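Just need the whole structure built from these sequences, with the hints factored in.
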Amino acid sequence: MSNSYLRFWGVRGSYAAPFATHLKVGGNTSCVEIRVDDHLLICDAGTGIIPLGNALMKQNELREMMVILTHYHWDHISGLPFFVPAFSPEWKIHFFGPGQNAAEVEKLFSNQMKAPYFPVGTETWLANVDYHTVSNSRIDYGPIKIKYNNVHHPGVTYGYRIIVGTKNIIYVSDNECRFLEKSINRKYQEFTNEEKEIFDEMKKEEYQAELDLIKNADILIHDAQYTSEDYELKRGWGHSCYIDTVNLAIDAGVKELYLYHHDPNYDDETIESIHAHALDIVRERQSDLKCHIAREGLILDLA
Amino acid sequence: MEENPELMGKTKPIIAVVDDSPSFRSLFERSTDALGIELLAFDSAEESWAYLENNQPDILFLNIIMPDKDGLTFLRELRDLPLHRDTTVVMISSKDYAQDRSIATELGAIEFITKPMPMQTISDVVLKYTEASNKT
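These protein sequences, in sequence, are chains E and P. Just so you know, this note's numbering puts 106 at position 106 of the first sequence, and the rest follows in order with no gaps. Each number in this note's numbering comes from the position in the second sequence (counting from 1) with 1000 added on.
Where hints are given, some of them may not hold.
Rough simulated footprint, nothing fancy, chain E against chain P, three-plus residues with beta-carbon under 8 Å [stated by the list, open to error]:
{"hint": "1", "region": "1057-1071"}
{"hint": "2", "region": "1086-1099"}
{"hint": "3", "region": "1112-1123"}
Each computed EDC-like pair below joins lysine to aspartate or glutamate, with the alpha-carbon atoms no more than 20 Å apart [what the hints assert, rightly or not]:
{"hint": "4", "chain 1": "E", "residue 1": "215", "chain 2": "P", "residue 2": "1068"}
{"hint": "5", "chain 1": "E", "residue 1": "147", "chain 2": "P", "residue 2": "1020"}
{"hint": "6", "chain 1": "E", "residue 1": "204", "chain 2": "P", "residue 2": "1020"}
{"hint": "7", "chain 1": "E", "residue 1": "167", "chain 2": "E", "residue 2": "33"}
{"hint": "8", "chain 1": "E", "residue 1": "182", "chain 2": "P", "residue 2": "1096"}
{"hint": "9", "chain 1": "E", "residue 1": "196", "chain 2": "P", "residue 2": "1080"}
{"hint": "10", "chain 1": "E", "residue 1": "290", "chain 2": "E", "residue 2": "218"}
{"hint": "11", "chain 1": "E", "residue 1": "147", "chain 2": "P", "residue 2": "1068"}
{"hint": "12", "chain 1": "E", "residue 1": "203", "chain 2": "P", "residue 2": "1020"}
{"hint": "13", "chain 1": "E", "residue 1": "187", "chain 2": "P", "residue 2": "1096"}
{"hint": "14", "chain 1": "E", "residue 1": "145", "chain 2": "P", "residue 2": "1068"}
{"hint": "15", "chain 1": "E", "residue 1": "107", "chain 2": "P", "residue 2": "1080"}
{"hint": "16", "chain 1": "E", "residue 1": "196", "chain 2": "P", "residue 2": "1029"}
{"hint": "17", "chain 1": "E", "residue 1": "234", "chain 2": "P", "residue 2": "1043"}
{"hint": "18", "chain 1": "E", "residue 1": "215", "chain 2": "P", "residue 2": "1020"}
{"hint": "19", "chain 1": "E", "residue 1": "187", "chain 2": "E", "residue 2": "201"}
{"hint": "20", "chain 1": "E", "residue 1": "167", "chain 2": "E", "residue 2": "288"}
{"hint": "21", "chain 1": "E", "residue 1": "107", "chain 2": "P", "residue 2": "1106"}
{"hint": "22", "chain 1": "P", "residue 1": "1012", "chain 2": "P", "residue 2": "1029"}
{"hint": "23", "chain 1": "E", "residue 1": "203", "chain 2": "P", "residue 2": "1029"}
{"hint": "24", "chain 1": "E", "residue 1": "203", "chain 2": "P", "residue 2": "1043"}
{"hint": "25", "chain 1": "E", "residue 1": "147", "chain 2": "P", "residue 2": "1046"}
{"hint": "26", "chain 1": "E", "residue 1": "203", "chain 2": "P", "residue 2": "1096"}
{"hint": "27", "chain 1": "E", "residue 1": "204", "chain 2": "P", "residue 2": "1043"}
{"hint": "28", "chain 1": "E", "residue 1": "107", "chain 2": "P", "residue 2": "1077"}
Hint data in this document are derived by calculation from the structure and do not stem from the laboratory. All figures in this text were calculated on a predicted structure; none of them were measured in a lab. Yeah, the Cβ is synthetic: ideal placement off N, Cα and C, and Gly gets one too.
Here you go:
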């Protein structure tokens, strides 16, 4: 029988939130484990990768993994300097992330472990490490098929479509959805009729592209960092309002949505109220979408 | 419309646009219709490569988020080619983020235009960096 599962090890965005008021949801930053038999894929290396690394050191079945990063912002890399398997000669680790070539990917992975920011560099890693780039947006890791797309977040940032058996898992940790549509709406009255006609079409194209990014998702893990009030204050930080995320998932026909990359300022109670409102939206729109909160420790069966 | 005598005998400026959005390419075409330029529009970095590998346009307009290669990574690759070390590049993107502007500047882009922009903005940039002239 196949041993396939997905586990959330870190669900916060921006910075870790190890506060007593936050721990029902979890305090670690972005990290998701996908396990398919003897293949292990890790999405992002926020602080959640630290307890995952510690757990991996206690088992004997696996000694190889692939780690893919969406981008190199702190909340997605800050667990790497404390990821124990990287310091162990028993492990082989494949790293992949945005970059022009393998040398650049290595540099981007390694830069945070340099003086004066950290006491030891990646040259102290004893694992057999290699860095990958691909030219066709696709990577295969054993039975796991991975494709990346560019998403709406500062700098070059990827969203991943990960196919395990017949399941499509979409991992889009950081994405400011419906950004262009809102930009057009804000300036709409300044445009001529000819321009309005073109921008109306551009909004449709952009929305279709956003739907295409997540279409056929059995499991969508998507940025839902802000409430609508906070989104107005943080527009341009590269994150979504959860209301847009829920509506996008409904429009795309997603089966299960996991609201992810929670704002570290939101305690458990606030996130429960976000979830309650998200469920109201699903009901009001008479959708079949199953909408969940991504919580640290939550395991999804992929078999 | 009359030909500008100053441009008589000169070849038209070549403007290349790489953007997957058909509506943006249409906006660009309408914005530059009267400028006497030769417009080459491509819908992906990959599609533009056959031309850019061996040719330098007068201005290259480059979108950032595209389905295949993002415009910033593509520009980095182009800058590695001697042919494009000094190519005039204008970024055009919905990504109104300081970080993207900063990367584009590091890569030598001379302008960063955010969508949506009026048609006048596009024609002004073309006129600013080429010898094209508005014939209307």
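Right, here's what the structure says about each hint:
no., hint, verdict
1, 1057-1071, "holds (count 6)"
2, 1086-1099, "holds (count 6)"
3, 1112-1123, "holds (count 5)"
4, E:215 <-> P:1068, "17 Å, holds"
5, E:147 <-> P:1020, "19 Å, holds"
6, E:204 <-> P:1020, "14 Å, holds"
7, E:167 <-> E:33, "15 Å, holds"
8, E:182 <-> P:1096, "12 Å, holds"
9, E:196 <-> P:1080, "39 Å, violated"
10, E:290 <-> E:218, "10 Å, holds"
11, E:147 <-> P:1068, "11 Å, holds"
12, E:203 <-> P:1020, "14 Å, holds"
13, E:187 <-> P:1096, "14 Å, holds"
14, E:145 <-> P:1068, "17 Å, holds"
15, E:107 <-> P:1080, "18 Å, holds"
16, E:196 <-> P:1029, "15 Å, holds"
17, E:234 <-> P:1043, "32 Å, violated"
18, E:215 <-> P:1020, "19 Å, holds"
19, E:187 <-> E:201, "15 Å, holds"
20, E:167 <-> E:288, "18 Å, holds"
21, E:107 <-> P:1106, "17 Å, holds"
22, P:1012 <-> P:1029, "15 Å, holds"
23, E:203 <-> P:1029, "18 Å, holds"
24, E:203 <-> P:1043, "17 Å, holds"
25, E:147 <-> P:1046, "17 Å, holds"
26, E:203 <-> P:1096, "16 Å, holds"
27, E:204 <-> P:1043, "17 Å, holds"
28, E:107 <-> P:1077, "17 Å, holds"
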